[in-house]
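**Q** Here's the letter readout for the chains.
Number of protein chains: 2
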Amino acid sequence: MTINMEKPYVVGMDIGGTNTVFGVVDSRGNVLASDSVKTQQYAEVNEYVDAVCKKLLPLLQQFGGAEKIKGMGVGAPNGNYYSGTIEFAPNLPWKGVIPLAAMFEERLGIPTALTNDANAAAIGEMTYGAARGLKDFIMITLGTGVGSGIVINGQLVYGHDGFAGELGHVVVDPAGRQCGCGRKGCLETYCSATGVARTAREFLVARSEPSLLRNIPSEEIQSKDVYDAAVKGDKLALEIFEFTGKVLGTALANFVAFSSPEAIILFGGLAKSGDYIMKPIQKALEENVLNIYKGKTKLLLSQLKDADAAVLGASALGWEVRES
Amino acid sequence: MTINMEKPYVVGMDIGGTNTVFGVVDSRGNVLASDSVKTQQYAEVNEYVDAVCKKLLPLLQQFGGAEKIKGMGVGAPNGNYYSGTIEFAPNLPWKGVIPLAAMFEERLGIPTALTNDANAAAIGEMTYGAARGLKDFIMITLGTGVGSGIVINGQLVYGHDGFAGELGHVVVDPAGRQCGCGRKGCLETYCSATGVARTAREFLVARSEPSLLRNIPSEEIQSKDVYDAAVKGDKLALEIFEFTGKVLGTALANFVAFSSPEAIILFGGLAKSGDYIMKPIQKALEENVLNIYKGKTKLLLSQLKDADAAVLGASALGWEVRES
Chain A
1 MTINMEKPYV
11 VGMDIGGTNT
21 VFGVVDSRGN
31 VLASDSVKTQ
41 QYAEVNEYVD
51 AVCKKLLPLL
61 QQFGGAEKIK
71 GMGVGAPNGN
81 YYSGTIEFAP
91 NLPWKGVIPL
101 AAMFEERLGI
111 PTALTNDANA
121 AAIGEMTYGA
131 ARGLKDFIMI
141 TLGTGVGSGI
151 VINGQLVYGH
161 DGFAGELGHV
171 VVDPAGRQCG
181 CGRKGCLETY
191 CSATGVARTA
201 REFLVARSEP
211 SLLRNIPSEE
221 IQSKDVYDAA
231 VKGDKLALEI
241 FEFTGKVLGT
251 ALANFVAFSS
261 PEAIILFGGL
271 AKSGDYIMKP
281 IQKALEENVL
291 NIYKGKTKLL
301 LSQLKDADAA
311 VLGASALGWE
321 VRES
Chain B
1 MTINMEKPYV
11 VGMDIGGTNT
21 VFGVVDSRGN
31 VLASDSVKTQ
41 QYAEVNEYVD
51 AVCKKLLPLL
61 QQFGGAEKIK
71 GMGVGAPNGN
81 YYSGTIEFAP
91 NLPWKGVIPL
101 AAMFEERLGI
111 PTALTNDANA
121 AAIGEMTYGA
131 ARGLKDFIMI
141 TLGTGVGSGI
151 VINGQLVYGH
161 DGFAGELGHV
171 VVDPAGRQCG
181 CGRKGCLETY
191 CSATGVARTA
201 REFLVARSEP
211 SLLRNIPSEE
221 IQSKDVYDAA
231 VKGDKLALEI
241 FEFTGKVLGT
251 ALANFVAFSS
261 PEAIILFGGL
271 AKSGDYIMKP
281 IQKALEENVL
291 NIYKGKTKLL
301 LSQLKDADAA
311 VLGASALGWE
321 VRES
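First to last, the protein sequences are chains A and B. If you're matching positions, the first sequence starts at 1 in UniProt numbering and goes up one per residue. If you're matching positions, the second sequence starts at 1 in UniProt numbering and goes up one per residue.
Extracted from the complex, chain A is given alone in its bound form (with noise of 0.2 Å):
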């Protein structure tokens, strides 16, 4: 991180397929304003921009515009990093391959920098989270979807494409439930929230033991309930982070031996489960990792504040962004 007193500040800008949230971040990661727009509103670019633009100017101009502004970041799912572009992405309303840093370079003036989500996750954590002086490391956020952020040597792997680090879409049984990928079997289908309901309403059916989760349409069932039921003592709760917990850790476990990673850092709602799914899944990487990794690897937490969290991890790469 560069910090040059002329230009204190940074912009964040995370793109999700419901909101896009975009704020102001100063050196020490302290978000000073932010703002919204529901991004499904616009389903054309162009508007979608202008309105981004209209909400963030005025904030821009409570800390003396743009020029104090050393640059932009953004995470957007699907995000390419070499290109600025946002490319197919099947949960956002355009279609195709959308240049949009350089869209918003144009408008603001402001160098503009963008990658996937769980990317910006990543460089977040390590400008101003749990893994500050970890060279070696790798995020994996755990929302409506899985994704991960892969830093070695220091550096974040984007791959020869732009597109590494999809430890979602890992296949971790070829014979598994279908993912909106259009495989089978991917990480994301069991570890994500959407695959935490999925394995309970699994469960119900396949059992006939009493449980809070049966007072829910199965249908309605979301992770959270599984979570308040778990912390009731509701043993089929528990026994579903349970097995969400295994799934996750054992392919942690193959993750180690591709990169040998000082930490694995847990971020988003399912982490926040605490013990209930930590344990399991340090349970199942200790068991599965080969001998010679077996100890070493750190289970942390994410330590961005929540609510900032990502305006913040967006934020970072707005440092390290290039002037053009």
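These are computed hints drawn from the structure, not numbers from a lab. Do not take every clue at face value.
Which copy is meant is left open, because identical chains are indistinguishable; a pair holds if it fits in one copy or across any two.
[To be verified] In silico DMTMM-like cross-links for lysine to aspartate or glutamate, where the CA-CA straight-line distance does not exceed 20 Å:
{"no.": "1", "residue 1": "LYS294", "residue 2": "GLU87"}
{"no.": "2", "residue 1": "LYS246", "residue 2": "ASP173"}
{"no.": "3", "residue 1": "LYS184", "residue 2": "GLU287"}
{"no.": "4", "residue 1": "LYS294", "residue 2": "ASP161"}
{"no.": "5", "residue 1": "LYS235", "residue 2": "GLU209"}
{"no.": "6", "residue 1": "LYS95", "residue 2": "ASP173"}
{"no.": "7", "residue 1": "LYS235", "residue 2": "ASP225"}
{"no.": "8", "residue 1": "LYS135", "residue 2": "ASP161"}
Given chain A, put chain B in place with the hints provided.
**A** Chain B in isolation, oriented as in the chain A frame:
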């Protein structure tokens, strides 16, 4: 590679469970002279180092002595690049942690770097072979075991502890074959030369169809026999390659999701079985890879000259060694 005219050569040494081969190499990748010792003959590591030096020093004299050598690179099972040690290598006669780089440095006065054999192969391929100019690739060595060397952003991935890149021990089937590492279903139990022989024995028991392989006593079957039978059109042998290629290609598809390499380079005896194995690997890779990677990752064969490959690969590390 920095070529210093006063030190125009490097030494490469490959330590295998059976043989240790070493040689003097020039900047074009010519192995100018080489020799070997039997690794297993030296129960004590000091005797081993003595025996190597006794044969290596006369080679060096032919080219002006140790002062003409830029560095020495050693490829060894369980080699740790950071510490220059061999650690708990199951197939070598010396137990525990062996500071082999320091031992050679002391005896020869040549700066010495050490890494595992697959990493050495990757550096060799990058310096002299199929990976010249590539910044992101994965080297898979198919020998008695399965090894790997991963290059990202032009740098070899060592991980925080020096042991990254054990892709032969990624678990492809948790209920699968017993592996020498103590776990079950490692890639190496299917795709090494011994894995192919194991598949042959399993297929011969499970099926009743005729096969040339039935002329060989079951416990003596080697992967070379499967190749010879396949060349003669033996259906079962062809199926063995198809099975092996499918397992490997499916695993490679997961590796692509990690680092999105421009190429995967295959090295070793099995890779030389040509289309019998390459076609099923390519097919399984393309079928199983996530959409965004389809058609992007090249599957290549090593271009290192066969007899020299091990020495060449290790020697390439000699160009990068830090003088102490």
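**Q** Each hint: holds or not?
**A** Now the hints, each set against the structure:
1. LYS294 <-> GLU87: between (38 Å within a copy, 14 Å between copies)
2. LYS246 <-> ASP173: Classified as both: same-chain Cα gap 13 Å, cross-chain 15 Å, threshold 20 Å.
3. LYS184 <-> GLU287: between (25 Å within a copy, 12 Å between copies)
4. LYS294 <-> ASP161: between (33 Å within a copy, 12 Å between copies)
5. LYS235 <-> GLU209: within (9 Å within a copy, 51 Å between copies)
6. LYS95 <-> ASP173: Neither, since 30 Å and 37 Å both go past 20 Å.
7. LYS235 <-> ASP225: within (13 Å within a copy, 54 Å between copies)
8. LYS135 <-> ASP161: between (22 Å within a copy, 11 Å between copies)
Hint violations for this structure: number 6 only, all remaining hints satisfied.
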